[in-house]
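Mind assembling these two chains? They're in different frames, but the hints should get you there.
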Amino acid sequence: MNFDDTPQEAAFRAEAKAWIAANAPKQYEDELRKSSLGRLVLSGANVLDVAKAWQKKKADAGWACLHWPKEYGGRGSSPIERVIWQQEEGEFGKLSRVFIIGHGMCGPTMMAYASEEQKRHYLPPLASGENIWCQLFSEPAGGSDVAGLRTRAERDGDDWIVNGQKIWTSGAHYSDYGILITRTDPTVPKHKGLTMFFLDMKSKGVEIKPIKQANGQSEFNEVYFTDVRIPDSQRLGKVDDGWNVSLTTLMNERMSIGASVATGFPELFDYCSNLMLDDGLAIDDRAVRAKLANWAVRASGLKYTAFRSISALSRGERPGPENSIGKLVAGSMIQEVATYALDLQGAAGVVSDPAQAEIEGKFQAMLLRSPATRVEGGTDEILRNIIAERVLGLPGDIRVDKDVPFNKIPTKGRG
Amino acid sequence: MNFEFSDDQKQLRDQARRFLAEKCPPKAVRAVLEGNALYDKALWQGLAEMGFLGVAIPEEFGGTGAGHLELCVIAEEMGRALAPVPFSSTVYLAAEALMLAGSSEQKQKWLPKIASGEAIGTLALFEGTGNPSPQAVKLSAANGVLNGVKKPVADGAIADFAIVAARNGSSGRETDIALYLVDLKAGGVEAKTLANLDPSRNQAELHFKDCKAEPLGAANEGWSILSRVLDRAAVLMAFEQVGGADRALEMGRDYALDRIAFGRPIGSFQAVKHMLADMYVSATLARSNCYYGAWALSTNAGELPEAAATARISATQAFQHCAKNNIQVHGGMGFTWEFDCHLYYRRSNALALGLGSLSYWEDQLIDRMRKKNAA
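Protein sequences, first through last, are from chains G and P. Mapping of the first sequence onto my numbering: position 303 corresponds to residue 303, and the numbering continues sequentially without gaps. Mapping of the second sequence onto my numbering: position 324 corresponds to residue 324, and the numbering continues sequentially without gaps.
Heads up, a few of these hints could be off.
[Claimed, not checked] Calculated lysine to any residue pairs in the SDA-like style (CA-CA distance at most 20 Å, straight line): (1) G:Lys291 to P:Ser357; (2) G:Lys94 to G:Asp4; (3) G:Lys303 to P:Gly302; (4) G:Lys34 to G:Gln87; (5) P:Lys107 to P:His274; (6) P:Lys372 to P:His274; (7) G:Lys303 to P:Lys107; (8) G:Lys56 to G:Lys34; (9) P:Lys10 to G:Asn2; (10) G:Lys327 to P:His274; (11) G:Lys52 to G:Asn131; (12) P:Lys372 to G:Ala290; (13) P:Lys371 to G:Asp270; (14) P:Lys371 to G:Asn131; (15) P:Lys372 to G:Asp4; (16) G:Lys303 to P:Arg368.
Since the hints were derived computationally from the structure, they do not count as laboratory data.
The shape of chain P in the complex, shown without the other chains (with noise of 0.2 Å):
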């Protein structure tokens, strides 16, 4: 046993941020947030040209087939620098779901554009309020072409393509959904950019209105392979919140060194200090159950539906808890625009929403530990 990530996967760490901490300062976070651009093109080409879109895609598709191990790594780091560029949607969403169920011109086709950052892709899944379910998907596939409304959808406005999930059957079972790839720039589908909580990543709505669209794996198995992609990309995910969490809690450690009230360093004062402590604990246990969700994710081993949902659920906690309590720490200057609290909050709710909320994995997570205990 070895519970640790290698030196060379270590080595990726630092470079992945040190990179970062060059081309995604905050300021540029924030130069999505504020302006009209919908992601950073120019940190898009860099991630490109530094290999880390295609860490996890094999050289025949044109990456550098590292591994999952090493995609955890640079997930951590994109999560830590908040990079305002559709890294999830495309890598842990779109590849994942390509190269789980893809044919091998499907792979041919998407998978060389996605490492060398030509296209951008996500998964339409969700069609208003509520969580993963195949009843809740109404979008129809019939002869070949897609009707309905998908929102939200992460990235939807800048994806050049879409894995999506619609309904080709009435039988009322979850063999009703089919995966279907959509390229969203051949006509049929008009995006419509949705305010969000967290502008410095794109949400969208599509309507899709007699859209062509290929089926992405076999038709019956839709449901099934999306499940599949959820739970990689869930702990892929959680090691991006990860990320945010240790980043948060250093913000406010360095705070409470820095900020001085009744005299003294409000990091000496022991409400201060439990806070701090109560996060370091919330973003330890996210780690190592972030871990144990790596291995069984690059082992494919099949503890990896409860470990994926144990790893989302862990980190979704720490991120939520240590940016509102970063904030906390801060005091009023942290409820202004001007400090970046506020973007470590903003994306830790929404990372929280994004692949099905809380509420949806702990149902999942119990779900699946009962599958275990019955096995």
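With the rest of the complex left out, here is chain G (with noise of 0.2 Å):
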């Protein structure tokens, strides 16, 4: 049980930490600082270009998907620098979030099904952030219960023919690859007759609609596929084996637990410290101060769980389903969290103009954004299973889908 570096961390911090000081974008630093969950704005720059100019500038002296192999753009770095990477990074870390994507789970999938040619050409400028890749799984009928996709790929010759519609493709309008789950096989059971590929998002026949979300932004898109023409190389494992390397991506989802999830609780003490009531400080008021502890024993407990798993990782054990904690607990908190610093606004909460309301709106911003968060990547609920199922022991629902052939499956005729 120790928490101090060794001599080895010590001076890989350091070099981090000189590093970060001598190229990072600091004219950011502050507006990253003000940003949340919900809300990044740089003024006078389009967000994109400046994480891509960041991404680019760390690639190439080495500092890019630190535990990735060298040979593919990374540094081959163990799990405990790249949190001390992650600590170094600080604010600037925030504009990673259009690659959490495809550094968190294309990559790793195309580590392992890849061809090493593959491999060689599309992973360095993945960890470089020259390319942005998307994960194309959701469907309108296969939201939670994903194995129930309806999306078609059909063999011709040495290329598949897809056809169907993708849904909650984050990032899918700036993306430049994807790696694409499919039906191969309806005539078996759901599980059995999926295939994954990875393919050029400016293929013919792909086009990709912004969804107008919830909270007025579109960070997702419905990305529908006509005739679209995948050579047979850009198979990712087996025919009919898609549903277990889609298992590998979220494997390698869990993998991204040193990527701190965000809780609002930070924001919201700092916010208490200085806001004064009627009667004082916020962060002097009782009632004040009993919420703000439970929340910061929830998000410290967090950290210290990821911390956890970092010593697990770094002995060698797989990352494995109880880091589904992570995003249960943040999920919920986060939007827990900001209803309460807007209660303590009064009325005037309501106003979410950025020139008007507290702190230029960034709670107000955290309501609207943060139900997505209790729904994307696995919804509190299937979070719940995975942990009373996999970690528990608890049996698993009754599927009644699970032997029937998928176009035997009832549909209510919207199949």
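Now the structure itself:
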């Protein structure tokens, strides 16, 4: 049990710190500090351009995708070095958001299933941010039940022809490539007839439509496939074995545990430390303190749970389903935190105009974005099922469609 | 960074778990809960023989000198087994106070007896309703004698000695509070057992009447010593609570797998699964906070006050949450005297109050976080 850096870790930290101090885009540090879930605005600059420039600079100096092998654009670092980097990168880490899916999920899936030549071709520009990747899994008929997906891929010579629709694809509108799961055999039970591919998002027949979200922004998209041709050489894993490939992707999502999940707590604590209520600072109010303390221990519990996972990774253990806890706790917490911050503002909490609202409307933006955190990447309910079944060993849900050929599953006419 | 107990410490945990499984089954807890004995004497002696009572006491004072990480490991097992012995009073409070502030004579006199199981100690702080505060200490110290009443005092009716918080000044500041060491068998103190939420542990009222007492630590530093003792005990108690939370969760899980209703195990219903998943979440968050507390305790880090409050709050919540929902998973059977669920429910609520309640520690945590941010 030791929180201190070993001499090697201390040396790594010093090197990272010095490089970041000399190279980070400091002109944006203030605005990044003020940004939070639901709002990232850099005045006079396009966030995507700034993010790509920072990623490229890191890659050129060997600081991109630290845990990836060097030949694929990484640094071959240990899990702990990755955490040290994240601690030192601080606010600038918020610029990595557009790369999370590519680096955390698509890259590792390519590493596991693409040919050596493909890995050397596609991974370095993914690491350096020159190419952005997205993940095409969810569909209108398959969200939590992702294996219920209906996008068809049919063999045609050396190619596959893809038709169908994906939804909730983060960043599809600025992505260069994507990994795509399709149905290749509808006559077998749903998990058995799936196949995974990767594709160029500029392929003919791919149409991307941004979704206008409930908070007015558009991070997610609908992606339509009309006779899209994908070479068989871009298949990942065996034909009809796409479900197992997708499990690799999802397990690697859990590897991204070092990336701390936003809880909103540090923002709320700062806010309460400065907010004057009628009878003094908010943080001196007993009711406020009790609320803060409850969220403080949850935020800290998540932080040290992640540290325990990293220690386990360092010992060579694989990240397991217990890592589902991070988003489960943080997702509902950030929503509660935002709601409470507005409660403290009274009627004025309703004003979201950044020019008028408290701390530029940060908590208003957070409130409106927060429902999505409880849904994206596994709903609260799916995460609880994962913990109950795969950590605690409770029985799986009764699945009435498990052994039924996919094309015989009732659809109430929506198939 | 390495955020895990060492292999040796894990071995110690296995050893303690095996020992307690044999010497402290639920039957032994019930023997104290239902009987006249105030604690399990045979178990106490057994713990001494295993070296568990002196695990954090230096060898020169009769302990094994292993350290506080090892004590955390044992504490977790004591919580898991609901050990009906005065372990927390003696080891987390009395021994820690002696090690922090005792003179070498005091340490020489009492620490070896703690390690060998000959002496039971406790802390006499509370005087009725309320949380730890210098203002609440009314028991007076004058001319080397104490007068007043302390209640509740954990294990007060079985302790051989007590560390007593007393008022020896009238400036109105916390420097008015001093600590005293009292040999409870030397006369001047009358102990009366109080019926309490968890009868597997003793709670008592102590009447001090012209009771002879020797100072422990400097006279004007009583409150500051006490605060440090409470922080250290908070981490250790949190481990005990996490041990209890984990066991309550396991009991609920096992029952959900075993009990059939509507033609299927009740653990296959999402309402039950999700309740158990949430218990797992709170126990896990608490465990992680405890690990941080253990590190701060064992290294005497500047972060200890904040880490201790965090671990204490988190573990209190987790044990209460798991113990009450364990009853819920069990349904009606969970509310019978025969099932062990109520033993955990009782203990979880008693431990939640013992070192100051949740609201006290919440307040402390925010104070400490502010101090850190200001620094």
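Here is what the structure says about each hint:
1. G:Lys291 to P:Ser357: 15 Å, holds
2. G:Lys94 to G:Asp4: The hint is violated at about 25 Å.
3. G:Lys303 to P:Gly302: 19 Å, holds
4. G:Lys34 to G:Gln87: The given pair, whose Cα atoms are some 18 Å apart, holds under the 20 Å limit.
5. P:Lys107 to P:His274: Violated. Lys107 of chain P to His274 of chain P sits at ~50 Å, over the 20 Å cutoff.
6. P:Lys372 to P:His274: With Cα atoms ~37 Å apart, Lys372 of chain P and His274 of chain P exceed 20 Å; violated.
7. G:Lys303 to P:Lys107: 39 Å, violated
8. G:Lys56 to G:Lys34: Since the Cα atoms of Lys56 of chain G and Lys34 of chain G sit roughly 24 Å apart, the hinted pair is violated (cutoff 20 Å).
9. P:Lys10 to G:Asn2: Given that 20 Å is the threshold and the Cα spacing comes to 15 Å, the pair holds.
10. G:Lys327 to P:His274: 15 Å, holds
11. G:Lys52 to G:Asn131: 9 Å, holds
12. P:Lys372 to G:Ala290: Holds, because 18 Å separates the two Cα atoms, which is no more than 20 Å.
13. P:Lys371 to G:Asp270: Satisfied, since the Cα-Cα distance of roughly 13 Å is no more than 20 Å.
14. P:Lys371 to G:Asn131: 45 Å, violated
15. P:Lys372 to G:Asp4: 19 Å, holds
16. G:Lys303 to P:Arg368: Status holds; Cα separation ~18 Å.
Comparing the model with each numbered hint stated earlier shows that hints 2, 5, 6, 7, 8, 14 do not hold.
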